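Model the full assembly from the supplied sequences, consistent with the hints where possible.
This is what each chain is made of:
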Amino acid sequence: MADDFPHWSLGLKSGYFKPALDQWKTSYENSGNIEWAGQVGFKITRGWELGVEGGYFTDSGIALTESGLPSILNQRIRYFPLQTYLLYRLIFNEDQIFVPFAGGGFSYIIYRQSLEGKGTIKGSQEGYHARLGLQLLLDWFDPAAADSFDMDLGVKNSYLVLEAQYSKVDRFGSESLDLGGWSYLGNLLFEF
Amino acid sequence: MFRQIRKFLLISLGLMVSWPLLADAEDLIVPDQFATITSALTRAANNTDPTDTIVLRRGTYSGPVELLDNVSLRGDETARTIIDGGGVSGAVITAGSGSTIQRLTIRNGEIGIAFPGTSTQIKSVKNNIIINNTSGIECTSATGITISYNTFNNNGTAITCTSSTTVAITNNIISNNTTSDITFDQPTAVDYNLFYNNATENYVDTQLRNQDLNQTHNIFTPKVGDANPDFVDRNNNDFHLQTGSPAIGTGENGTEIGVYGGGNTDPPFSVSNLRVTPGLNTITVEWDKNLAYNVQGYRVYYDSDEANPPYAQQFDPGNVITSQITGLSTSVTAVSPPDLHVGIGDTQLLLYWPPSGQASVVEYKVYYGTASGNYSAPGSPVTITGRNSSSYLLSNLVNETTYYMAISTIAAPVYFVTVAVLDNQSGQSDYAPVQETHLTGNNVESSLSTEISATPEPIVRFPNLPNEGLECFIATAAYGSPLEPHVQILRTFRDRHLLTNSLGRKFVAFYYQTSPPLAHWLEEHASFKPVVRTFLSPIVFVTEFWMDSGSFSQILIIVLVLSLVSYSVYRRGILRWGGHY
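These protein sequences, in sequence, are chains A and B. Counting in the working numbering, the first sequence runs from 49 upward without gaps. Counting in the working numbering, the second sequence runs from 14 upward without gaps.
Simulated from the structure, these hints should not be mistaken for laboratory data. Bear in mind the structure is a predicted one, so any value in this text is a computation, not a measurement. Take the hints with a grain of salt, since some may be wrong.
[Unchecked claim] Quick list of the computed label-pair ranges, beta carbon to beta carbon:
(1) B:Val101 with A:Leu69: 58 to 68 Å
(2) B:Asn412 with A:Phe146: 54 to 64 Å
(3) A:Tyr156 with B:Gly517: 22 to 32 Å
(4) B:Gly386 with A:Asp70: 39 to 49 Å
(5) A:Gly102 with B:Asn477: 21 to 31 Å
(6) B:Ser408 with A:Pro148: 55 to 65 Å
(7) A:Thr106 with B:Ile42: 52 to 62 Å
[Said to hold, decoys possible] In silico lysine to any residue, SDA-like type, Cα no more than 20 Å apart, as pairs:
(8) A:Lys216 with B:Pro476
(9) A:Lys66 with A:Gly109
(10) A:Lys66 with B:Pro476
(11) A:Lys166 with B:Gln361
(12) A:Lys166 with B:Pro479
(13) A:Lys73 with B:Pro476
(14) A:Lys73 with B:Leu478
(15) A:Lys166 with B:Leu410
(16) A:Lys66 with B:Leu478
(17) A:Lys216 with B:Asn477
(18) A:Lys166 with B:Val473
(19) A:Lys66 with B:Asn477
(20) A:Lys166 with B:Leu478
(21) A:Lys170 with B:Val473
(22) A:Lys166 with B:Asn477
(23) A:Lys166 with B:Pro476
(24) A:Lys73 with B:Asn477
(25) A:Lys170 with B:Pro479
(26) A:Lys170 with B:Leu478
(27) A:Lys166 with B:Gly356
(28) A:Lys66 with A:Arg124
Every residue gets a Cβ at the ideal spot worked out from N, C-alpha and C, and that includes glycine.
The following block contains the structure:
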């Protein structure tokens with residue numbers, strides 16, 4: 049008997065990332081910045097989902113001197129977070145309007161950091177993350193559009209997702225610098 | 014009685030309201046009185062007197078313009094009052110019955126000026142430059158058109174008139190049109206025109222040449238001829254005539270043929286390439302000669318005030334291209350120094366200040382040193398030229414050393430110079446772009462600004478992340494990805510234990526020099542990757558074990574390894590020499 053739920057999901061995310069590092073605001077004149085991400089998931093069961101996610105975050109500001117004074121140079125940092133996750137959705141049927149979920153997984157951040165006149169350094173650091181959120185079924189608002197979406201593109205369900213993520217990316221405690229932090233994301237999720 | 018009073022009041026009110034509409038013909042000036050040609054046309058439409066003239070101030074306007082009957086269009090200055098068709102289809106200007114179109118440049122249209130339909134009202138096109146249109150003037154079933162003292166250049170066909178009568182074409186220069194000069198079926202008069210270098214002399218070939226040439230005053234030649242009108246610079250819209258032009262004095266009544274004949278008093282173009290060279294109390298002024306034949310001389314203007322010309326000081330050096338201004342005042346007042354600010358860098362300090370608004374400031378001097386009030390550091394003071402300069406980077410400083418800095422201004426007597434062209438009708442051209450110059454040898458330095466201090470120091474990235482950009486080439490090739498855990502282990506060992514000491518750095522340098530070719534070979538021979546991985550695995554295992562060990566464990570391992578090696582060497586030596594142990 050065929051499964052009565054879509055297995056694949058595709059999500060496009062955007063939101064705010066607040067790095068955990070102290071003094072981020074001193075260097076970058078803000079506590080965080082916009083983050084973009086995309087995720088692909090596969091449902092093992094209706095409730096359990098495995099997936100991967102890739103994102104992008106950048107911030108720029110004035111570099112500081114050793115004593116903490118603003119310098120004459122600009123600096124820019126870019127993160128390319130890659131994540132694998134396992135999450136559980138509290139869902140009982142495909143018509144459920146609100147679907148809370150929670151999960152976590154492995155995080156890997158590739159970074160590029162440039163300092164004006166001093167070149168760019170590159171590297172990566174790994175860690176873990178946890179995520180918690182709520183999915184709102186958009187099909188409920190406009191069933192006709194949902195049916196049309198299904199017929200035209202094969203999208204079974206569409207969700208608006210609000211999500212919070214906490215990541216700790218410090219090589220599992222072996223590095224003093226934690227590149228993780230808090231992310232607050234909005235997400236359009238399509239299930240196939 | 015009350016009825017009569019009311020009637021009187023109503024009539025008076027009506028007259029007061031309509032009086033402007035019954036006014037005499039008026040000039041409707043764009044943009045002084047009306048923002049656009051369209052709004053001026055609207056006003057003309059509401060006037061009951063139909064003989065208004067829309068006057069355009071110098072500038073470029075967009076077509077199309079459709080004139081009402083008896084509404085005329087006139088520009089302030091032919092070469093600088095431009096109506097541009099923008100290359101779109103249709104006419105740049107559509108004339109009404111009784112319209113006069115005068116002193117404009119009309120360009121880039123499918124048709125420059127169109128005269129549609131029939132009319133008994135006289136229409137006139139005079140003193141215009143009509144260029145770069147597919148058809149310069151086009152009239153269809155029109156009557157009573159006078160086309161005189163215009164210059165048609167680089168159009169497709171200059172003039173096309175079909176089924177039209179009473180059309181007079183006189184005193185025009187028709188040159189360099191790429192298709193034809195005139196296409197006409199029933200002209201009234203074609204006289205006193207100069208034809209030159211048109212692609213096809215349709216009219217000249219088919220009409221004029223069949224007549225007795227002595228009966229007309231047209232000047233024409235074969236396609237490549239010698240009646241070159243000799244414009245000053247047609248590529249820059251300067252259609253004034255140079256000395257020796259065949260169009261001078263050969264028009265009707267001895268006038269000039271072309272756009273600047275028939276009473277057009279527009280002056281020559283302004284001087285180009287104005288140069289000034291200052292001295293102690295003199296300024297040498299030079300410029301390029303204006304080639305217009307009616308140039309009578311030049312006028313030099315100068316002043317020490319920055320205001321736009323005209324300037325109070327002026328003189329006429331005559332019809333020359335160089336002159337000298339002498340006896341200039343050399344007095345100048347020192348200008349207060351600006352406030353100095355500083356930014357910190359690695360062995361650098363960036364100084365910046367608001368640039369001076371005083372025209373007499375020619376440069377700044379930055380003083381710096383390592384003691385307050387003592388600006389004797391090597392290279393101090395630094396001179397920065399240009400009034401608008403606003404920053405300077407002090408480099409090669411010593412970190413953690415405090416530097417003290419101040420700035421002063423250098424002022425010199427300043428003069429502003431321009432030149433205008435004078436013509437033989439008491440006209441004067443526009444001013445050339447004003448040249449600013451400072452006399453030499455009369456500089457005055459201001460006092461120093463308030464001293465500031467700063468200390469250069471190293472810049473730290475935030476966060477201070479390690480640079481892991483160097484790849485482990487062979488391991489990456491063997492394991493297939495730089496993200497592979499075994500590669501990560503080797504990379505971490507490199508960062509922690511090799512790059513932190515001299516011997517390790519030399520080894521890493523040797524490795525990065527020699528490994529890329531090996532890694533490339535491995536990519537090309539993928540079947541050897543398992544072999545290399547087998548070889549690397551114990552190295553990775555040992556590396557990982559080493560990194561996870563504490564200091565005591567590491568020392569113990571070293572001692573054990575050295576002991577093992579020593580015992581092996583000792584035993585081999587005994588066996589080699591036949592001994593026993």
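Any hints this thing doesn't respect? Which numbers, in order? none
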